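Peer 1: Following the hints, put chain B in place on chain A, whose structure we already have.
Number of protein chains: 2
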Amino acid sequence: MNLYRITILSIGNEVLSGDTLNTNAAWLAARCVSLGALVVEQRTVPDHVPTIVEALADLRERCDMVITTGGLGPTHDDCTIAALIELFGDHLVLDEPTLAHLEQYAIERGRDPNSERLRSQALVPSTSQVLPNPLGTAPGLYFEPTTGAAVIVLPGVPREMKLIMEQSGFERIAAAMERRECDVVAERVLLTAGVPESELADRIEPIRRQLPSTVELAFLPSALSVRLRLRAVGKRAEVRRILDDAVSLLAPALGSAMLSDRDERLVDVLHRKCIAHGKTLAVAESCTGGMLGAEITSVPGSSSYFLGGLICYADAVKIHFGGVRPETLAQYGAVSQQTVEELARYVRAAYGSDIAVAISGIAGPSGGSDEKPVGTIWIALADERGVDARRFAFGTDRETNRVRACAAAMLMIIERLRACDG
Amino acid sequence: MNLYRITILSIGNEVLSGDTLNTNAAWLAARCVSLGALVVEQRTVPDHVPTIVEALADLRERCDMVITTGGLGPTHDDCTIAALIELFGDHLVLDEPTLAHLEQYAIERGRDPNSERLRSQALVPSTSQVLPNPLGTAPGLYFEPTTGAAVIVLPGVPREMKLIMEQSGFERIAAAMERRECDVVAERVLLTAGVPESELADRIEPIRRQLPSTVELAFLPSALSVRLRLRAVGKRAEVRRILDDAVSLLAPALGSAMLSDRDERLVDVLHRKCIAHGKTLAVAESCTGGMLGAEITSVPGSSSYFLGGLICYADAVKIHFGGVRPETLAQYGAVSQQTVEELARYVRAAYGSDIAVAISGIAGPSGGSDEKPVGTIWIALADERGVDARRFAFGTDRETNRVRACAAAMLMIIERLRACDG
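Protein chains in written order, with our numbering: chain A, 1 to 422; chain B, 1001 to 1422.
The set of hints was computed from the structure by calculation and includes no laboratory data.
Owing to the predicted nature of the structure, the values given are computational and were not obtained by experimental measurement.
Be aware that a few hints might be false.
Claimed, not checked - Computed footprint of chain A on chain B; a stretch qualifies when at least three of its residues, placed anywhere within it, have a C-beta under 8 Å from a C-beta of chain A:
hint, stretch
1, 1013-1023
2, 1033-1042
3, 1078-1090
4, 1299-1306
5, 1382-1391
To be verified - Subject to a maximum C-alpha distance of 20 Å in a straight line, what follows is the list of computed SDA-like cross-link-like pairs (lysine to any residue):
hint, chain 1, residue 1, chain 2, residue 2
6, B, LYS1162, A, ASP19
7, B, LYS1162, A, LEU21
8, A, LYS162, B, LEU1021
9, A, LYS162, A, GLY73
10, B, LYS1162, A, GLN337
11, A, LYS372, B, GLU1108
12, A, LYS235, A, ARG5
13, B, LYS1372, B, LEU1329
14, B, LYS1162, B, PRO1132
15, B, LYS1273, B, LEU1417
16, A, LYS372, A, GLN337
17, B, LYS1273, B, GLY1352
18, A, LYS162, B, SER1336
19, B, LYS1162, A, LYS372
20, A, LYS372, B, PRO1300
21, A, LYS162, B, ARG1385
22, A, LYS162, B, LEU1417
23, B, LYS1273, B, GLY1301
24, B, LYS1279, B, ASP1263
25, B, LYS1279, A, ASP315
26, A, LYS162, B, ASP1019
27, A, LYS279, A, GLU399
28, B, LYS1162, A, PRO221
29, B, LYS1273, B, ARG1385
30, B, LYS1235, B, SER1034
Cβ atoms here follow ideal geometry from the backbone N, Cα and C, with glycine treated the same way.
Excised from the complex, chain A in its bound form (with noise of 0.2 Å):
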């Protein structure tokens, strides 16, 4: 297969350290495998020329473009171009654009457009093209030595260096692998929930068997869902078909499980279904504190659907702005059906919602009984038919438990709008 293959090579003592967690080489790396091509080693090194040289060489080897982010900045750590000044035999030039865009930076952010810190951020390796940084002062590079790999250079804020790979650095990929005529990797995600991935394993072995030795499947387990990546390599319109053909087969050994064949989260399919069915949202939320919403309201236009809730953290706020008698809590506790019950049909009412989830749990550490543990939650879904509580026994974790019950409550709406499906 002749596929274009890419490194990551993320340069700073804050990632190495793990103070920074590494979302750059993930977004690299999906973004190139959306474009067809293959990562096939990142690394995280110290700021540290010596070593930046050393993995730098050993990584043009191993790849046809390497892709560093970090070590741009003007202050005494950041070392990245000294690196690729020392392997490339290069030296620096004054970039005037660069220069030019700094200084308006400066003034535009009431800086001194001289001082030499700023200015020195204008001084590139003269085999180097610039990939203009609109956002900030180290301008992205690219090398493309008449031999061996390429190399993209971008700095290490993640918003910097995005739009410096949207405005300049994947365009570069795209005609390498065009002049190339490379084989494309392609996949398609299907989105599964409600079914653990060793029962869906199970489900759709027939299936697979069937499927061409050139798809590749893979199950991506998350909170109560499980995308299914299908992955197949090849010239892009004949993979395209492939995978089409693979999904129509699985979809039906799915069945119900598949959420959706679009590479989408559990929070996007229930956005569309919302919409599709017009219906309007309201949540009580008692050991979610509130996540539930900020989920849902994460995806922008939810306002067309999402009225809003109550954060019913304390009993007190249960009793006085959710609807729940205070019998129910004394005899039966904030953790029960019948609390949960009575949230979602008050909420529901109160707030003219459609639909309304309730959700009261014991997320951990502390709280747990042995007649309720921790993890066990509780959420009720009201709708025109009425009120439906289910309880969940998740585990120890606060934060996963939080995330798991956010998950269940989304599912459990979502249910029930596809059961409107008909």
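Peer 2: Only chain B this time, still in chain A's reference frame:
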């Protein structure tokens, strides 16, 4: 310096292709650093035996210990064990305690305790020590060859990986550091807010020059706050003292910008101060949709001061449950000083909290105007002294704006409570 050098090898196509964020490497790195070890490289490679063998051999040359995650499952694409067998010229043996655990594990979950797939997880390399995995089926492994770097092998599931390290992994690293009487990398992290990174740097520049050259300073910016990390290398007792002295030098220069000297997040400081002052809290969230409540309740024990509040995403909810007058919305709009002030006042009175904050803004990407561009956020804080509202102008990214709005609200609460500190 006689430091203990660690490298982290992440194995798996999910991380490599950006499907999964590599939180394991960040967590392992941070924890190793907190033990006093030095993380010298992180690497991610695919589920491919020759590639894993080559990476392991190369990394072992560069450190005292390699920690690997991933590729230990029972499916065909899990091949980390095969790579270790090849690397060490080892062979598989059945580990009885692991087999017993697996059978118990299967029975508890109503699965077949005799399935081949399950039993295969009890086959481990003969030269490895098993690091038990109470939460899953793939045990961790520890290799301590007579020569060269040791290797810790972990599953990729974060909660399993973490528990194995907590229970039996980190103690092996600590023991090795003891045996070699290693120097340690020690650090202190100061949380600052309200002062941009560059200004912070200027402020402490004079002190920085007074600090021993062994103290390394780093600025770690996040939403509206900057973490200032001090790091020093040497004998444990000695570096602790050096860092304590450095902190007492820096604290006065940072002044009120310093919120904490114990590596806390904004929400941790909020938590501590609410408890210290015995103040209760309620929220009214529009554009953040519950994110502030979710953040506050992410801290165990927040129920001692956080009552809950209102997710007033729709205007009707602001009016009927947030005490906002229709005329106010009509005249000033939902994103206005008047609206957030009415929300904060009403929620404080209705919920009976000491402090209430209200957030309303234009998170984007759409909904902006010349007068109120995307990123315009109004936040009001009400307490017994009245109500205080501020307008913030953030950027264009929806999630960033929401995260910053929550940080700004937490900062307003913290500042108010510090004022009480007198």
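Peer 1: Tell me, which hint numbers fail for this structure?
Peer 2: 3, 5, 10, 18, 19, 21, 22, 24 and 27
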